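Novice: Taken in order, these protein sequences are the chains called A and B.
For the record, in the first sequence the residue sitting at position 138 is 138 according to the working numbering, with numbers rising by one throughout.
For the record, in the second sequence the residue sitting at position 100 is 1100 according to the working numbering, with numbers rising by one throughout.
Worth flagging that the hints you see were computed from the coordinates, not collected in a lab.
Source: prediction; values computed, not measured.
It is possible that some hints are incorrect.
[Stated by the list, open to error] A short, non-exhaustive set of chain B residues, derived as facing chain A with CB atoms under 8 Å:
id: 1; residue: R1036
id: 2; residue: D1045
id: 3; residue: G1047
id: 4; residue: S1052
id: 5; residue: F1067
id: 6; residue: T1079
id: 7; residue: V1135
[Said to hold, decoys possible] To spell it out: a stretch of chain B is covered by chain A in this simulated footprint if at least three of its residues, at any positions, have a beta carbon under 8 Å from a beta carbon of chain A; those stretches are:
id: 8; segment: 1053 to 1059
id: 9; segment: 1084 to 1096
id: 10; segment: 1107 to 1115
id: 11; segment: 1136 to 1143
id: 12; segment: 1148 to 1162
[Unchecked claim] With a straight-line cut-off of 20 Å between C-alpha atoms, the simulated DMTMM-like cross-links for lysine to aspartate or glutamate are:
id: 13; chain 1: A; residue 1: K49; chain 2: A; residue 2: E99
id: 14; chain 1: A; residue 1: K49; chain 2: B; residue 2: D1045
id: 15; chain 1: A; residue 1: K179; chain 2: B; residue 2: D1071
id: 16; chain 1: A; residue 1: K223; chain 2: A; residue 2: D29
Where a beta carbon is used, it is the ideal one built from N, C-alpha and C, also for glycine.
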Amino acid sequence: MRHSLHALGAITILLSGCAGSPRLSALHDPLYRAQTHTSTITARATEAKSGINQINITATVGTITACGTSNVILPSLIPCRTGGFTTSLTCGFANVKTEVTCALPLNLGPQRIVSYSVTTRAANNRTATVGPVTYAGGAPLTTATINIFGVTLNIPWETARPVIWRTDAPSSNTPRGDKIDWGFVPDADMPNYRAFTDDMQPMVLSLFYTDTNSFSNWTRGWKNLFNIWAGPNGADGEGCSRTFNSPASTVRGAFDGTAILHRNDFRDCASISLGGGAGTTQTNLGDASWVLLHEAGHFLFGLGDEYVGGGNASISNPKNVLNSQQACTSTSTSNSLPTGQCVQIGSSGTWRNDDGATTTMEDRALDSDFRTLAGRAMGNQVSACVNGSCY
Amino acid sequence: MRAFMLAATALLIIPGQALAQPATTDPTGRPVDPLRGAPPPSASDGGTVTLSKARPIQDSDDPLNAFVQQDTVDGIVVTLTIDRDQVRLDSATPARIPRTAARTERDTGGGDAVTVTGFAGAQQIGRAVVPDAVVNAQEGSGIVRTERRQIVVPMAVNRPVDRIEVTAPATNARATIDVSAAWRPYCDEAGRSPWCVTPR
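Let the sequences and hints guide you as you build the complete structure.
Specialist: Right under this line is the structure:
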């Protein structure tokens, strides 16, 4: 089955499911483009009983910098903004009880960075809020200007390029390890950077917003745990060989895991690591989003392949692939899973807990999901993030 | 002081769409106005749209800048190629790095790890432990050990690092590498910079 490769505009961050509370989602489209373009922030709201009265989009637009201020001397891997200005769009509705939309198009020139927040109010005066979310657009920053005691330094510099960056207001007690910073970079086989961003868009949209298959349940449900970033050219993946030339290698230091997107056909490969790793994903496959999630299972979450002939090793918590039947039995017991489901993966000598349903680390199927021990590991990942430290 | 060119603009309230506002410029004079040339804002279902006058924000008041200031620390990003027991420095770049990426101890889940320790003279001033990407899963092929691999290590430091010690037990790699050259751009141009290495 082929996923839709069309760029879709907006969508689905459900903030409130309570009766009478408005449901609100907002997203920008395209998600990221390193060229001058029109970017549209679209908000959608629904409140079926009393109807939607108003949507407000507040956007701050400015120029990307590497944060060189009097207090910040070294250039930053993640960007700041200079020369920002804020504009606000209010859409008024006659208490409409079906979904309403409010759209703010922005013309983004070179080195732009945008932050937006959205609020909606229903006729019953209940409200919902999304954001702030920050993203970049236009030609990227390539130089950092640093001022040191009156001396100005201009040095070649690239920042990570925010695609969906959740930049809520800072507070001294806000845990900052509560997000998974997932980076995407183009492989050397991409025709150009635009091809990379065009390929990334449907994969990210599908995985986090628009897909309706069960394989994306986890990412759609926990999308707010993720920041999505793009990195500059310089990566080259081929099989399990991965190299990053500077500045791509340096920018990678801002990511918890990096997906190298490629078009040429080769067997995808990923490090089995809990953050800090990388893997490849072929973008021109009909199930590219599924492949992306499966590979992320390896390099973001430490999961092993559960199919015969795969990478049957794991460092997840708990491990989804065990080295013995005894280990599978004890791990299953401690995770309240039936020990009778422990099966050997072929004749590999490694074991897994198999409930018979399609599962993402075994079955290349859109109706798969993270199940049994992999499901427990993903649940623990959520808990770790919610508690303020994903890694 | 920024030279914003904000024209006084009345609120625009029309059904379904609004007019674009006048241009503004950033401090370098480049046009910033993202509404110019863009399609007009719109609302569905016959809704009205009201576009407020653009309001400049001082950089110091910009919430994004405050966020980044709080979310990053001074450090260095070291990129290494580890080939069996050999370690090569690909790059060493001083930078503000995300606070979370710079924490000393990552939970590597019992997997292989690379440890980098930074020194200024004889004093240890930084340490970072990151996953070692030596064990890989290749689809349809199984486990692949990449004994030649590239590792990126963000490490928090509050002053210049002279050298780093690298250990990667997965392939018995160990090395001491001089990284003092990473700070030269700051010293060559601005010798009073706190990031200028003082000769010892």
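Novice: The structure should be examined with respect to each hint, and the outcome stated for every one.
Specialist: Here is what the structure says about each hint:
1. R1036: holds (6 Å)
2. D1045: holds (5 Å)
3. G1047: Hint on G1047 of chain B: holds, closest Cβ of chain A at ~4 Å, below 8 Å.
4. S1052: Hint holds; S1052 of chain B Cβ to chain A Cβ min 4 Å, cut 8 Å.
5. F1067: holds (5 Å)
6. T1079: holds (4 Å)
7. V1135: holds (5 Å)
8. 1053 to 1059: It holds: at least three residues are needed, and the segment 1053 to 1059 of chain B offers 6 whose Cβ sits within less than 8 Å of chain A.
9. 1084 to 1096: The restraint on the segment 1084 to 1096 of chain B holds, since 6 of its residues have a Cβ under 8 Å from chain A and three suffice.
10. 1107 to 1115: holds (count 5)
11. 1136 to 1143: holds (count 8)
12. 1148 to 1162: Held - the segment 1148 to 1162 of chain B has 6 residues with a Cβ nearer than 8 Å to chain A, which meets the minimum of three.
13. A:K49 <-> A:E99: holds (12 Å)
14. A:K49 <-> B:D1045: holds (17 Å)
15. A:K179 <-> B:D1071: It holds: about 12 Å lies between the C-alpha atoms, which stays within 20 Å.
16. A:K223 <-> A:D29: holds (17 Å)
Checked against the numbered hints above, the structure violates none of them.
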